[in-house]
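Participant: Chains as they are written, first to last, in the numbering used here: chain C, 1 to 166; chain V, 1 to 785.
Among the clues, some could well be false.
Stated by the list, open to error - Short, incomplete list of chain C residues facing chain V, as computed with Cβ under 7 angstroms:
1. 48
2. 49
3. 50
4. 51
5. 60
6. 67
7. 69
8. 99
9. 117
10. 156
11. 158
12. 162
What the hints assert, rightly or not - Here are the simulated DSSO-like pairs of lysine-lysine, each with C-alpha atoms no more than 30 angstroms apart in a straight line:
13. 78/C with 704/V
14. 539/V with 676/V
15. 403/V with 479/V
16. 704/V with 81/C
17. 704/V with 724/V
18. 530/V with 562/V
Worth flagging that the hints you see were computed from the coordinates, not collected in a lab. Backbone N, C-alpha and C define an ideal beta-carbon position, used for all residues, glycine too.
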Amino acid sequence: MEAMTHGGAGAGEADLTVSEFLTFTLGSEEYAIDILKVQEIRGYEPPTLIANAPPFIKGVINLRGIIVPIVDLRIKFKLGKIEYTPFTVVVILNVAGRVIGVVVDSVSDVISLTPPQIRPAPDFSGSFDTKYIVGLASQDSRMMIVTDIERLMSSADMELIDSATE
Amino acid sequence: MAIDMSQFYQVFFEESAEHLAAMEALLLDLDVENPDPEQLNAIFRAAHSIKGSAGTFGFGDLADATHILENLLDRIRKHELGLRADMVDAFLEAGDLLRSMLEAHQGRGTVDAQQVEAVSARLRQLSADQPPVEAPATPEPPVATPSAGSKASAEAGGAVKRVFDIQFVPTEFSAKGDGVTLLLDELRTIGALEIISQPDVDAHNVGFWQCRLITAAALEDFSDQVDFVADNGAWRVSEDKSVAVNGAVAFGFFEDSPGVPDEDRGYGFFSAVDDRSVTDIAAAIDKTEDDDGYGFFEPLPSVPQAALAAEPLVEDDQEAYGFFAPLTPPPAVVPVVEVAEEGDGFGFFVPIAPSEKAGTVQVSVQPPPVPAEKPAPAPARTARRASQAVAAGDSSIRVSIEKVDQLINLVGELVITQAMLLQTTMRMEDQAPERLINGLTQLERNTRDLQESVMSIRMMPISFVFSRFPRVVRDLSAKLGKQVELKTSGETTELDKGLIERIADPLTHLIRNSLDHGIELPELRVAAGKSPVGTITLKAYHQGGNIVIEVGDDGAGLPRNKILAKARERGLPVSEQMTDAEVFNLIFEAGFSTAEQVTDVSGRGVGMDVVRRNIQAMGGRVEIESMLGVGTRMTVRLPLTLAILDGMSVAVGDQTYILPLSYIIESLQPQASDIKTLSNQARVIQVRGEYLPVVVLHEVFNLKSAWTDFTQGIMVVIDADGAKAALFVDALVGQHQVVIKSLEANYRRVVGVSGATIMGDGHVALILDVSAIAGMAKSNMQKAG
């Protein structure tokens with residue numbers, strides 16, 4: 001969380017703080033999220049449907065006795081090719097005091113980034129609304145979208161959390 | 001050794017609360033005219049325990065207040081004062097005060113100092129109302145009993161005043177706190193106190209105290225109090241009788257023993273020894289010169305150095321002086337004796353010490369006479385101790401609810417894993433080794449037993465709630481000028497701890513309601529040909545998977561017309577055609593009250609709506625039955641526990657849902673002719689002459705169903721709070737007990753779903769919210785109609 005809030009700018013000691021990020025792909029895009037938010041990674045298993053939930057909420061699974069909702073980000077971001085194979089990955093996140101599973105195409109690796117390596121994102125029409133983007137990072141020839149996954153998952157349009165008005 | 005006492009505070013609070021509750025229950029149960037001494041003792045013990053631990057934990061105000069209460073109780077239980085009804089009131093009031101003080105210490109609320117003073121003053125005044133009966137009337141202290149000398153000296157002196165030597169080493173807490181001061185004050189109130197020696201004030205008075213008390217009171221009157229401030233057993237109260245042969249020698253011994261005062265433990269030992277020895281010797285000497293008596297002491301000297309001295313002693317039948325001589329040198333005995341017994345019943349253990357320490361002496365000869373020698377004091381004391389221990393210790397432990405919940409979760413997991421294993425093995429069919437299958441079957445049985453026992457940890461008898469109502473009824477009926485008798489039954493009915501805590505408030509409200517609105521004033525009751533004493537019945541029992549709690553009264557009943565009029569006044573949609581049940585349910589509307597005037601008990605229009613909301617939040621419901629002039633009965637139905645539920649699993653498409661069994665009336669396979677449509681939209685099914693709205697689950701939940709033809713599937717007739725509906729599902733799968741898991745912990749609320757559970761194969765199944773689904777049926781009907 002801290003690493004993300006630093007954004008791209010700023011200098012000083014904070015610049016030297018190395019944070020680790022888990023990268024995963026959604027379609028052709030590569031995303032990075034704070035590894036501290038990741039609880040575990042597991043295979044996809046068909047969840048139990050939830051009536052009248054938005055299509056990207058696949059349902060709920062039993063994670064060792066806890067009921068965990070599963071979100072398919074590929075559906076949420078309309079990435080077309082949605083396949084569930086034995087290799088489909090579910091990243092179990094621990095965000096906002098909740099446990100949430102996220103279906104992604106694949107998990108790449110874990111990288112270390114210092115705040116200066118994360119550049120502010122330009123206004124672009126990506127899959128994510130820019131308010132959930134901490135910045136862009138590049139390593140070798142890859143460009144990764146560093147995401148504030150906590151903010152994304154607790155946002156109203158994910159429909160994971162009861163809004164106050166309900 | 002400094003211990004952070006705060007870590008024990010919680011235990012103290014809980015224990016004290018329990019003692020207070022016990023005290024209150026006993027007080028309410030007490031027959032004022034003819035009090036049961038056992039009950040009086042129990043009440044006294046409760047107060048005493050609170051005072052003791054309050055002092056220990058440094059809650060001086062609590063200790064002070066309880067002290068006054070305890071004094072009065074003590075005098076009553078000793079028949080120095082007669083019990084009167086106003087005393088019971090004062091005691092109850094004092095109990096309330098103590099409770100609020102406890103709460104204040106826990107950071108909830110404050111205590112009104114004036115109230116404390118008022119209650120204390122009242123208790124003091126009650127205590128002073130009657131002059132105390134003279135000391136001889138009090139029971140003879142046990143220590144003095146065997147000693148004929150003590151009686152003799154008292155009688156010979158012609159005065160009831162006796163001289164006691166009190167020695168003790170206070171515990172660190174009572175020494176630093178008010179404990180010692182309190183004790184001294186207390187002793188001063190019962191006689192002339194002279195402090196012979198006291199420890200260094202700089203050292204916070206921790207150390208050896210020696211006082212002399214000249215009093216008319218019996219030893220028992222203050223020995224317990226000394227016991228409280230002193231370390232375990234590190235106290236001694238002995239009657240100083242110059243007539244008694246060798247008290248002086250005994251004291252000499254103590255004063256002479258060098259270096260001991262620094263050691264608390266040492267005192268524990270010495271006090272115990274001396275306590276017995278003085279009286280025993282007195283007894284031995286005053287009685288006929290009894291060989292056996294000396295025989296009893298004989299093993300004592302058998303410590304190595306004294307071994308030789310001991311031999312002749314027995315044979316010579318010497319006076320008791322010989323006994324003391326060997327005792328002084330061997331501090332080696334101290335730990336042995338101390339460990340063996342905390343001071344009491346010392347005589348019994350004496351033989352052990354030498355047998356361990358010095359096997360060279362013939363110890364074995366003497367033990368038999370020991371019990372015969374002094375049967376009176378030791379058993380009496382130990383018996384009292386034992387009963388106290390039982391009262392205080394109980395056979396239960398306190399565990400935080402989180403731990404239990406975690407345990408329940410883990411066991412749930414185990415059950416599921418076990419089921420998965422079993423399924424996998426079954427799939428292997430013939431290839432599965434028989435031993436594996438046998439083992440798994442056994443595992444299944446064990447896990448099931450384990451699950452049941454773990455679940456039962458959360459279960460508590462409902463008497464935990466019921467026990468508070470006698471007081472509520474007593475206070476309220478007095479306030480309202482009514483005569484009410486409370487009858488309870490089914491107190492042992494068990495339900496979940498979580499529910500116990502949450503049902504208390506709604507039930508209190510229902511009872512207050514019955515008292516205020518239901519039961520009439522005595523004169524009205526007589527005029528109506530009823531007994532002037534109204535009855536409120538409180539009943540709990542199991543029915544199916546529910547617990548049912550009934551609050552009934554034989555009062556006036558609910559005035560249907562008045563309620564209807566009131567509802568119209570408030571603009572609620574009502575009609576004369578409404579059934580009684582519907583009319584009565586109006587009183588659950590927010591702000592609804594039929595009380596003609598606002599009393600301080602009820603009538604402000606708050607409450608019943610909250611009652612219903614609370615009960616519904618627990619998954620329960622309330623029903624009212626009432627008949628004018630006969631009475632009212634409110635029935636609360638609750639699930640047994642919040643953690644498990646008896647459910648029927650139903651299949652819809654490839655999904656499984658759980659229906660709480662308690663809502664299901666029946667299920668049937670409909671005939672095509674049974675189903676009709678209304679306005680071509682809503683469907684109804686005729687079941688035994690009744691038309692019920694049909695809820696098609698796969699339509700409601702947007703699922704692909706195996707059956708669209710009603711005659712192929714199953715209609716489950718459900719009844720949610722009186723609203724009936726038929727739920728169409730593909731098939732019934734089976735009946736299970738399911739562990740309820742929260743869906744909202746990680747996800748949001750889902751309409752029509754009340755929770756989730758994990759099935760035997762590890763999959764999640766959603767638990768249907770029957771009320772919501774029945775509601776859907778209703779709204780469908782309204783749309784159609």
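Participant: Which of the stated hints cannot be reconciled with the structure, identified by number in ascending sequence?
Facilitator: The structure conflicts with hints 9, 10, 11, 14, 15, although it agrees with all the remaining ones.
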